[in-house]
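Peer 1: As a plain string of letters, each chain reads:
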Amino acid sequence: MNQIDRNIINHMQNDFPVCESPFAKMAAQLDMDEEVLINRIQSLLDDGTLSRFGPMYNIEKLGGQYSLVAMSVPEHDLESVIEVVNSYPEVAHNYERDHSFNVWFVIAAETVTELKDILKKIEKRTGYATYDMPKLEEFYIGLKFDA
Amino acid sequence: MPDNNKPVLDETDRRIVEATQAGLPVTARPYHVIAEQLELDPELVMQRIRQLLESGIIRRIGVVPNHYKLGYRANGMTVWDVPDDKIIELGNKIGSLNFVSHCYHRPRHLPDWPYNLFAMVHAHTKEKTNQYIDVIKDILGDSNRQHTVLYSTRILKKTGMRIGNTQ
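Top to bottom, those sequences are chains L and G.
Each residue of the first sequence is one higher than the one before, counting from 938 in the working numbering.
Each residue of the second sequence is one higher than the one before, counting from 322 in the working numbering.
Quick caveat, the hints were computed from the structure, so don't treat them as lab data.
Nothing here was measured: the structure is a model prediction, and the numbers come from that model.
Be a bit skeptical, because a hint or two may be false.
As the list claims (entries may be wrong) - Partial list, computed: chain L residues near chain G (C-beta under 10 Å):
| no. | residue |
| --- | --- |
| 1 | I941 |
| 2 | D952 |
| 3 | V1028 |
| 4 | S1037 |
| 5 | K1057 |
| 6 | P1071 |
The beta-carbon is built from N, C-alpha and C at its ideal position, and this holds for glycine as well.
Bound-form chain L, shown alone (with noise of 0.2 Å):
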């Protein structure tokens, strides 16, 4: 990754504008084209190195409800329980970690009624149990990485 592209992902991770050429306007703050800025961030998302660009919504604002949810998952079965999981579109994150509580994922759903029929899916579907581990309080959300 090239300057060039460190500073278009210092600088964008907030307060993209809300104007008729927002790219435009980026750009000039960051002193490039506006052509160029639409395209590095075009190659950013084709090659993986940005997940996504656009408005990052609070479902819970909008009413939703929305879980961590941990699964323990023996070797063998694991890639089709992954598969499972990941079918849902209500399963915006899906993580493998290292431990016996080896599948963790994040669901969103409209309500609790919905999110928990979604986890009784899962669980009829792969024959494991689920742990819903919604969050009860949160300290401190504030994510933003410099590259």
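Following the hints, position chain G against chain L.
Peer 2: Only chain G this time, still in chain L's reference frame:
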């Protein structure tokens, strides 16, 4: 657990949320493209998005880096078993550490899962993460009854939060 109070979102807001939750088009006039898709006035779309930002429904608009690709390879989810009656005090202390990206109180599932305080620690190396864990250990002191760290070994899925796309 009861549902949160829902803010007043009308049909237009909802359509905008659904059209943008997977991301914005990477093109010179992204909001105009969304407006065209939804057959709405671009000014209205931008006004609604500004309102969503003001009310905190949109946390922020921008790029989301894949932190693995930025060299943050030692992403430890540290989990701690602390007394419930001290968790707010302790959670606030741990959450304010600059190497902690997220900090939450979550329910235990006894006997399998005794931990109730979660703190995500991001670093380039496990050595660095272990140093950070020692800092947390010192702060918690006797309140830390047991703890462990879970490292992510693979991203299995990573998308934005979705609503309303299953009907």
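Peer 1: Decide, hint by hint, whether the structure agrees.
Peer 2: Verification of the supplied hints:
1. I941: violated (14 Å)
2. D952: With a closest approach of 7 Å, the L:D952 hint holds.
3. V1028: holds (6 Å)
4. S1037: This interface hint holds because 9 Å falls under the 10 Å limit.
5. K1057: With a closest approach of 15 Å, the L:K1057 hint is violated.
6. P1071: With a minimum Cβ separation of about 7 Å from chain G (threshold 10 Å), the hint on L:P1071 holds.
The earlier numbered hints that this structure contradicts are 1 and 5.
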